[in-house]
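Peer 1: Given the coordinates of chain A, assemble chain B onto it according to the supplied hints.
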Amino acid sequence: MSTPDSTTTVIGTLPLKREARCPFDPPPAGLNAQQEHALARVELWDGSTPWLVTRYAEQRTLLSDPRISSDIRNPGYPSPAPRGEGGRSPLSFILMDDPEHARLRRMVTAPFMIKRIEAMRPGVQKIVDDMLDEMLAGPKPVDLVEAFALPVPSLVICELLGVPYSDHDFFQANSKIFVKRGVSAEDRGAAMGALMGYLHGLLTLKLEQPGEDVFTDLARRVDAGDLTADDAAQMGVLLLIAGHETTANMIALGTLALLEHPEQLAHLRDSGDPAFVSSAVEELLRYLTITHDGRKRVATEDIEIAGETIKAGDGVIIATDLGNRDPLAFPEPASLDLERDARHHVAFGFGVHQCLGQPLARMELQVAYSTLFRRVPTLALATTIDQVPFKHDGAVYGVYELPVTW
Amino acid sequence: MKITLDQDKCVASGQCVTAADSVFDQRDEDGIAVLLDAEPSPEREAEVRQAAAVCPVLAIRIQS
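Quick mapping for you: the protein sequence lines, in order, are chains A and B. Each residue of the first sequence is one higher than the one before, counting from 1 in our numbering. Each residue of the second sequence is one higher than the one before, counting from 1 in our numbering.
In case anyone wonders, no lab produced these hints; they're calculated from the structure. Any given hint could be a false lead.
Below, simulated BS3-like cross-link-like pairs (lysine-lysine); rule was C-alpha separation at most 27 angstroms, straight line [what the hints assert, rightly or not]:
id : chain 1 : residue 1 : chain 2 : residue 2
1  : B       : K9        : A       : K311
2  : A       : K115      : B       : K2
3  : A       : K115      : B       : K9
4  : A       : K296      : B       : K9
5  : A       : K140      : A       : K391
Computed from a prediction, not measured in an experiment: that's the story for all the values here.
Chain A extracted, bound-state conformation (with noise of 0.2 angstroms):
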């Protein structure tokens, strides 16, 4: 790894402290090094400095170049926290390179597709209606996290992947332990050693009770030796994962920032567009990035980028929620403002890996938004923001609960 040089200070350890008071902004550290260049570096728990970068066009540039690599096993990958022993990551395709991760990936991309996301459309509408009846007959306050932004997603995502909701709560509790900074070894592969042995027995469930579901179509896959055991339990493990907590996340916290946006939380609850309702979702997106502990790679030959080079071997960070608050991509970026076109945010990253369940995200989203405000048109908050527990540990940022009455 390179020495830092004059024009690329460390400007922090990972993971830089938002400002108190700004909780939907991100850190002001990256925001100065934004300002200063498109490169900085940063430091990383072993001490290591990988290069972090801060612009949005450098981060779809280097995105989707194939001589940056997702592969954690490459010497150099900037690993957020040590790792476990063992030697394949857990998370299957997302930390491997191009052709491996193609194969793999377009295993399970057909569900995702955007007419069969469409036809979804009722169902969640209905999973949703459901969730706010059972809310608006209860007591209140209410924590909207418990009580709705987490059932809806894990719902709709055990109803895709064809797992029975009598297990969603072992599931929640297990997947809850990948995205928390701070945990050891142990307790990550224990978590994960549960979730492989169930996903094991479903795989084989599956091929004795078929359904119209994504495990089902793994389970034929591993049948007919396409593909192995192991890593149809993986992937099964980073579906799951990737539809529980992010979309669950981006509902309590676009909420919360609507609440501290009135004005235009009404125009999102009195639209009955769906095209101002989906704008207003990409912009949410951007303007929140909750995937706010940059995407990880590693050079595998050497870059030449905004005056730098990035050396072979060198680490980098890519902090979409930095490029997402770059101004020469997003005019004002730091304004929230659900009028603007922001649908070439990267929220959902950018290149080979992007997020896989985007069509979904966002379907849910446009769903969960528009039927809150308009069911609960007096949505308010029941504390001060500044009594809001966000997640400043979670590689998924959001809010561990919201008290909300009406």
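Peer 2: Quick look at chain B alone, frame taken from chain A:
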């Protein structure tokens, strides 16, 4: 306006379909994009450019 689509690059994000559904579709087996209309009419230009801009792997090329 002439469009080319590189299906080997495509990662099935479906964003081209969201941007321009009269020009792009996805094949049923794996969601990889297919070109419905390689020479769309000029009034489609804005949405086709949007599709090319949001494609995460830059698989869509436009020759005007």
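Peer 1: With reference to the structure, classify each hint as holding or not holding.
Peer 2: Going through the hints against the structure:
For the hint pairing K9/B with K311/A, the CA-to-CA distance comes to about 26 angstroms; that is within 27 angstroms, so the pair holds. Annotation: proposed proximity of K115/A to K2/B holds, straight-line Cα distance about 25 angstroms (limit 27 angstroms). Our distance criterion of 27 angstroms between C-alpha atoms is met by K115/A and K9/B, whose separation comes to about 21 angstroms. A hinted pair counts as satisfied when its Cα atoms are at most 27 angstroms apart, and K296/A with K9/B qualifies at roughly 21 angstroms.
For the suggested pair K140/A and K391/A, the alpha carbons sit about 23 angstroms apart, so the restraint of at most 27 angstroms is met.
In this structure, none of the earlier numbered hints is contradicted; all agree with it.
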